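Sequence lines, in order, name chains A and B. Residue numbers for the first sequence follow the working numbering, beginning at -18 and rising by one. Residue numbers for the second sequence follow the working numbering, beginning at 504 and rising by one.
In case anyone wonders, no lab produced these hints; they're calculated from the structure. Values in this document were obtained by computation on a predicted structure and should not be read as measured data. A few of these clues could be false.
No farther apart than 25 Å at their CA atoms in a straight line, the calculated lysine-lysine pairs in the BS3-like style are these [what the hints assert, rightly or not]:
#1 B:K602 - B:K590
#2 B:K590 - A:K148
#3 A:K74 - B:K602
#4 B:K590 - A:K147
Restraint-style ranges between C-beta atoms, simulated for each label pair [as the list claims (entries may be wrong)]:
#5 A:V91 - B:K602: 33 to 39 Å
#6 B:K602 - A:G93: 37 to 43 Å
#7 A:V130 - B:D506: 32 to 38 Å
In silico contact screen, one side only, chain B against chain A (beta carbon under 7 Å); selected entries [what the hints assert, rightly or not]:
#8 L507
#9 H508
#10 G512
#11 L520
#12 I523
#13 I532
#14 I533
#15 S554
#16 G557
#17 V578
#18 L580
#19 A581
#20 I584
Beta carbons are placed, not taken as given, at the ideal position from N, Cα and C, and that holds for glycine.
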Amino acid sequence: MTVETIVFVILAVLFVGSAIMVITRRSPVLAVLYLILNFFSLAGLYLTLQAQFIAVIQILVYAGAIMVLFLFVIMLLNLRDEERLTEKISVRKMIGVGLSAAVLLQVLYVLGFSGSDLPVRDVARAEELGSVESIGKALFTDFLFPFEVTSIVLIVAIVGAVILAKKKLD
Amino acid sequence: MIDLHTYLGLSATGFILGVIGVVTRRNAIIVFMSIELMLNSVNLTLVAFSSFLGDATGQILVFFVMTVAAAEAAVGLAIIIALFRNKQTVNIDEINILKW
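Kindly produce the complete structure, drawing on both the sequences and the hints.
Set out below in structure tokens:
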């Protein structure tokens, strides 16, 4: 096993393991902490794909900003733990889980069969692509309009959040 | 060298775990976190394709997905706070005023 494989396996196990922990923990605070672990392992996976800029943004924006927001809201609401996870194992839930698992198995089955003519990764090219320079160049030339529209999305979100969280609409 | 399949399979696993979280959990905040899990798994697919095909567009798309996810988290958490203020609960089984 090469170093690359070992690093990938560790990150993949962390990714799947923390995702399972997120959806099974009763305390929302613990779930948030496992989600942060999940985001860090995902940032590591981005690094194995030579996407440095996306990896940094993942940690700054997701693990840094969005998760602090989640923790803040959970602390603010002072939620109790959910009664019991197995409180109601209803037929509908089991059907949901079963169907999801079936979809996953189908996807993995298809992936297992699409064999040899896969694109081969050019590491030098990928390294060049993932740099801030290359992302910035694409963002401010080909994707300038979508980039500007993003600012409208953000301002609408800020105004919306303030209006929704206000005590009374007067 | 890890091939594209492995990344796609890992990403599909993460996505399905998010789906299972959404269908089984009753705490609105944890449902929300499961949605973030799904968004991130899709991001992994995009970055993997971008890196393997040598095209930066996938990574730009991830950038936009993150922006929209940030906006969605802000508005969604504000909605959860407003709900909690009105009903004293975030259990989505008890929030059913739009159900007929």
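Hints, verified against the model:
no.: 1; hint: B:K602 - B:K590; in the structure: holds (16 Å)
no.: 2; hint: B:K590 - A:K148; in the structure: holds (14 Å)
no.: 3; hint: A:K74 - B:K602; in the structure: holds (19 Å)
no.: 4; hint: B:K590 - A:K147; in the structure: holds (16 Å)
no.: 5; hint: A:V91 - B:K602: 33 to 39 Å; in the structure: holds (37 Å)
no.: 6; hint: B:K602 - A:G93: 37 to 43 Å; in the structure: holds (41 Å)
no.: 7; hint: A:V130 - B:D506: 32 to 38 Å; in the structure: holds (36 Å)
no.: 8; hint: L507; in the structure: holds (5 Å)
no.: 9; hint: H508; in the structure: holds (5 Å)
no.: 10; hint: G512; in the structure: holds (5 Å)
no.: 11; hint: L520; in the structure: holds (4 Å)
no.: 12; hint: I523; in the structure: holds (5 Å)
no.: 13; hint: I532; in the structure: holds (5 Å)
no.: 14; hint: I533; in the structure: holds (6 Å)
no.: 15; hint: S554; in the structure: holds (4 Å)
no.: 16; hint: G557; in the structure: holds (5 Å)
no.: 17; hint: V578; in the structure: holds (5 Å)
no.: 18; hint: L580; in the structure: holds (5 Å)
no.: 19; hint: A581; in the structure: holds (4 Å)
no.: 20; hint: I584; in the structure: holds (5 Å)
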